[in-house]
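Participant: Go by the hints and put chain B onto chain A.
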Amino acid sequence: MAIEHTPPANGLFKPATTPRFEGSAGKPIRAVRRLPVRRDWPAGAVLAVQVGILVGIVALWETGADTGFVDAFFWSKPSAIYATLRTFFAEGDAWADIWFTFRSTILGFLLGTTAGSLLGLSFWWSRNYAAIVQPYIICFESLPKLALAPLVVLVFGIGLVSKIAIATALTIVVSTLTAYAGVKAIDPDGERLFYSLGATRLQVFRKLVIPACLPWIISVLRVNIGLALTGAVVGEFIASQHGLGRAILYAGQTYDIALVWVAVLVLSTLSVLMYIAVGLLERLLRKGVHQ
Amino acid sequence: MASPTKLRIDDVSMRFPAPAGAFEALAHVSLAVPAGRFVSLIGPSGCGKSTIFNIVAGLQEPSAGRVLIDGVDATGTIGRVGYMLQKDLLLPWRTLIDNIILGMEIQGVPLRAARDKALPLLRRYGLGGFEHAYPSTLSGGMRQRAALLRTLLFDTDVILLDEPFGALDAQTKLQMQEWLLALWSDFAKTVVFVTHDVEEAIFLSDEVHVMGTRPGRLIETLAVDLPRPRLRACTATPAFMAMKERCLELLRADLSAPDARAA
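Heads up: the sequence lines are chains A and B, in that order.
Straight run, no breaks: the first sequence in the working numbering ends on number 291.
Straight run, no breaks: the second sequence in the working numbering ends on number 1263.
It should be emphasised that the hints constitute simulated quantities derived from the structure, not laboratory data.
Mixed in with the good hints, there may be bad ones.
Claimed, not checked - Capping the alpha-carbon separation at 20 Å, the derived lysine to aspartate or glutamate pairs in DMTMM-like fashion look like this: (1) B:Lys1087 / A:Glu282; (2) A:Lys207 / B:Asp1070; (3) A:Lys207 / B:Glu1105; (4) A:Lys287 / B:Asp1098; (5) B:Lys1087 / A:Asp71; (6) B:Lys1087 / B:Asp1070; (7) A:Lys287 / B:Glu1105; (8) B:Lys1087 / A:Asp93; (9) B:Lys1006 / B:Glu1105.
Computed from a predicted structure; not experimentally measured.
Just chain B, with the same shape it has in the complex:
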């Protein structure tokens, strides 16, 4: 790979105290994401996808292991990566534009400068005319767009997206995926994307990491070498189908493994 590693997760484990000994949420997870890549994590619920994100975002300290950004240890430090949760978490008392500049505002950018920077993006990415609308008046898709713009405008190289389209209807979801790809190629960020949706993961990513449960771990990494820019039609190609089948097979195997339940 030509591009240097932007984000490295180095042998991270996470244990929580539980009535019966310790509950192992993550076991020895290692992952390297080259700069500008779009990678996805898929896995059943409880495989620790969100725990990985919390650790990378510095919201949880791992029991063992390190998180490196640009080769520098960033374990347990906040504000280093953009983190978008499934909920849009727009503040109902703020207008759209003031929601979008929240990250910059917290970082100490003067309000006027932050708004000036956000306004053209808002217009370019389909939220023009809603700058001064309150979130409660917007559709789910628009709110999610706003939340994503807020994450992008926080201006970190790495962006974590935790099932951002999980709560949207199927039609809106497809639109949002294409919109996200357009944004990604414009902003050249390194994206880590968590989803339940195998098709979504393959359509969006350069690499898909399949995770297993109990303990949460990486099972396999699949490289997606479908050409970019991707069109919706590519989801019907044999290569895409084969990859989807492979992912589902891995997920099924993990769920039906007998020792996985016993542990």
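The shape of chain A in the complex, shown without the other chains:
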């Protein structure tokens, strides 16, 4: 830039416009900018706004239902929901439903995660076996397993077992594929080291493969608890005598919208609590793993 605008040495003509130069160095002026500063609000302020938004929504909903702006038949209203919540716990079988859903979720979660992880790890033993089984795993993975839920209920009955089966089906594939990914990620040089030390296959499996795959297995726990809960609730939707899923379905069919909200609220609480518990479990396991 500066060079172009310098007049020729013979001084025959001058530039038509004077460029915006500053100082003798002839550098163009630059806008003065400062590094943007992030200002974090105090933790209390963030919480206050969050609570404020929640209270605002509830208040709008309530007044909207009272003034007819919101159709209380379809949407119910917070005061009615609160009243239903109290009766649900006081008179209804809230605890029985929670216990039923909780049990099928946890059992499906444990069964699916354990069986899936073992299956994934087992692929280490034989590449032929892994090659044969893998397409089936992928097929089962792409299958919409929830679409099979009616069949599962038919086979396993309307009791707890069918819910566990659906929860297991949802969790097992994720665990299998993740554990297998862990197996494939094992450094071949690590195996060479073990064999150069004269190790047996079982020793390599126990002392290298399992510890190396543990972080992978742990990483799916939180995904799996959510999937297991979904499976259990869908099982209850199809046919069940207990559970929060059945409560939601029943309430919807009888137009008891307040009860739908209550059951969803309880279900969400259960979900969050289980998620937190699994998160703690994960932290605990990771401490012992050191990756």
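Facilitator: For chain B alone, coordinates are given in the frame of chain A:
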């Protein structure tokens, strides 16, 4: 030579099937290493140094030839020699001491006995105070020391070191070379050392074997008769320089040979 041959590589060849016929990784490699010797293999990448190690360690079957340890055929048997790769391969979930005893553990030594044996060595060789540290908290040099101690504690007469200091910075590398020589004179092992670094090979070894590529083979063996214990200053002596020049010349000649590329 007074000492008997500890490791003999007897006319070993290695061919891999390849799209255009067979790829010859090693052709008729023969090598005899007397007990307690420190020998180095140098050569350009792809000359089959690592393949030789894999064959000696029993991790690969040679297409032809045998490996003898103490005169006994050990071709294709694992756990007969200590083998250290360039990567330290310390297990991140094990403490330093438990990493170092891995070889003994695999051989069935009770954990307590193995730890009792490893602990004094750990302290003597510069890893004291880090027994219960996890590998991720250690420097590259310390991790490499640990890997070498693991190899030594596996307690085989022959030790194969595949570019153990290749990934270290220059300063650490020099320290590690001296540390390795101290260890070697304490443990009296037979060491075969692979490196790219000509100076490293000469400084450490009794004998340097220069290898060529395509096919991988031994070109020449140079005896290093510099006095031991060696000090760093010996790398500046005319004898050392001459040997280094000779090695580089051989390596250059192999790389520029026209038939080597065509094959």
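Participant: Against each hint, give a clear statement of whether it holds in the structure.
Facilitator: Hint by hint, here is what the structure shows:
For the hint linking Lys1087 (chain B) to Glu282 (chain A), the alpha-carbon distance of about 30 Å lies beyond 20 Å, and the restraint is violated. Between Lys207 (chain A) and Asp1070 (chain B) the alpha-carbon distance is near 31 Å, which puts this suggested pair outside the 20 Å criterion. Under the criterion of a C-alpha separation no larger than 20 Å, the hint pairing Lys207 (chain A) with Glu1105 (chain B) is consistent with the structure, at around 10 Å. Using a Cα cut-off of 20 Å, the hinted pair Lys287 (chain A) and Asp1098 (chain B) holds, with the two alpha carbons roughly 17 Å apart.
Taking the CA atoms of Lys1087 (chain B) and Asp71 (chain A), the gap is about 69 Å. The hint is violated against a cut of 20 Å. Straight-line distance between C-alpha atoms of Lys1087 (chain B) and Asp1070 (chain B) comes to about 29 Å, which puts the hinted pair past the 20 Å bound. Restraint check: the Cα-Cα separation between Lys287 (chain A) and Glu1105 (chain B) comes to about 24 Å, which exceeds 20 Å; the hinted pair is violated. Straight-line distance between C-alpha atoms of Lys1087 (chain B) and Asp93 (chain A) comes to about 61 Å, which puts the hinted pair past the 20 Å bound.
A distance of roughly 25 Å separates the Cα atoms of Lys1006 (chain B) and Glu1105 (chain B); the hinted pair therefore is violated under the 20 Å criterion.
The structure shown violates the earlier hints numbered 1, 2, 5, 6, 7, 8, 9.
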